[in-house]
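S.K.: In case you want the letters, here they are:
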Amino acid sequence: MSDNPVYDRIQGEIDSNSVVLFMKGNPMFPQCGFSAAIAQALTVMEVKFKGVDVLADEDIRNGIKEFSSWPTIPQLYVKGEFVGGCDIVREMHESGELKKLLDEKGVEYAS
Amino acid sequence: MAMQAEEIERLIKEGLPGAEVTIQDLRGDGDHYSAQVISTEFEGKSRVQQHQLVYQALQGRMGNELHALQLQTSAP
Chain A
1 MSDNPVYDRI QGEIDSNSVV LFMKGNPMFP QCGFSAAIAQ ALTVMEVKFK
51 GVDVLADEDI RNGIKEFSSW PTIPQLYVKG EFVGGCDIVR EMHESGELKK
101 LLDEKGVEYA S
Chain B
1 MAMQAEEIER LIKEGLPGAE VTIQDLRGDG DHYSAQVIST EFEGKSRVQQ
51 HQLVYQALQG RMGNELHALQ LQTSAP
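Line by line, the protein sequences give chains A and B. Here this note's numbering is used: the first residue of the first sequence is 1, the next is one more, and so on. Here this note's numbering is used: the first residue of the second sequence is 1, the next is one more, and so on.
No lab work stands behind these hints, which were simulated from the structure alone. Even for Gly, the Cβ is constructed at its ideal location relative to N, Cα and C. A hint or two may mislead.
Said to hold, decoys possible - Listed below are several chain B residues computed to face chain A (Cβ distance under 8 Å; list not exhaustive):
(1) HIS51
(2) TYR55
(3) MET62
(4) LEU71
As the list claims (entries may be wrong) - Anything over 12 Å on all C-beta distances counts as not near chain B; from chain A, calculated:
(5) SER18
(6) ASP57
(7) GLU58
(8) ILE60
(9) GLY96
(10) LYS100
Given the sequences, and given the hints that come with them, work out the whole structure.
M.R.: Right, here's the structure in full:
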């Protein structure tokens, strides 16, 4: 895709976790309202997800924007596919589309 | 480093000719906007692709000068 080494690390996170949220802060302590909104939606749905704190890693923070062709954080990936940022995910959550997508993709829920 | 609503509208219309653009300043602080964009360019595209077209039109300002832009896109 590119010779930017951070892309491999981003791809690694996406490959090794079914649901990845690139966010500011972590799921327990989000540092931004938009990140908090998605993390909370996933938590309420009891989805197992990995939160990647972009504030802890400047390379990922900048790299993920180019990687996804998406200028803002948070960014949600499900089974390797970029689902969207805060507006899209919120819309999908409210309409029930997000749950449908997660089910279709066979995502694991916390038991 | 805020942006004027008119400037946002102008850039979106420039990138997506013929688009219908409605901008709202959500907090009256010139920093948190919402934009509703209706464009024929969006036909047959996913929501992610539609938002990417708007971000392209904003030429890198999103996430920089433009801190928060709540986007709603649709085809006419």
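S.K.: Does each hint hold? Answer for all of them.
M.R.: Evaluated hints:
The interface hint given for HIS51(B) is met, as the beta carbon of that residue sits about 7 Å from the closest beta carbon of chain A, less than 8 Å. Annotation: interface hint on TYR55(B) holds; nearest CB of chain A at approximately 5 Å, less than 8 Å. The beta carbon of MET62(B) comes within 4 Å of a beta carbon in chain A, closer than 8 Å, and the hint placing it at the interface holds. The closest approach between the C-beta of LEU71(B) and any C-beta of chain A is roughly 5 Å, which is under the 8 Å cut-off, so the hint is satisfied.
Its beta-carbon lying about 19 Å from the closest one in chain B, SER18(A) satisfies the requirement of being farther than 12 Å from that chain. Distance check on ASP57(A): its Cβ is at least 17 Å (rounded) from any Cβ of chain B, clearing the 12 Å threshold; non-interface status holds. Listed as a non-interface residue, GLU58(A) keeps its Cβ farther than 12 Å from every Cβ of chain B; the least gap is roughly 14 Å. ILE60(A), annotated as away from the interface, keeps every beta carbon of chain B farther than 12 Å; the closest lies near 15 Å.
Distance check on GLY96(A): its Cβ is at least 15 Å (rounded) from any Cβ of chain B, clearing the 12 Å threshold; non-interface status holds. Its beta-carbon lying about 14 Å from the closest one in chain B, LYS100(A) satisfies the requirement of being farther than 12 Å from that chain.
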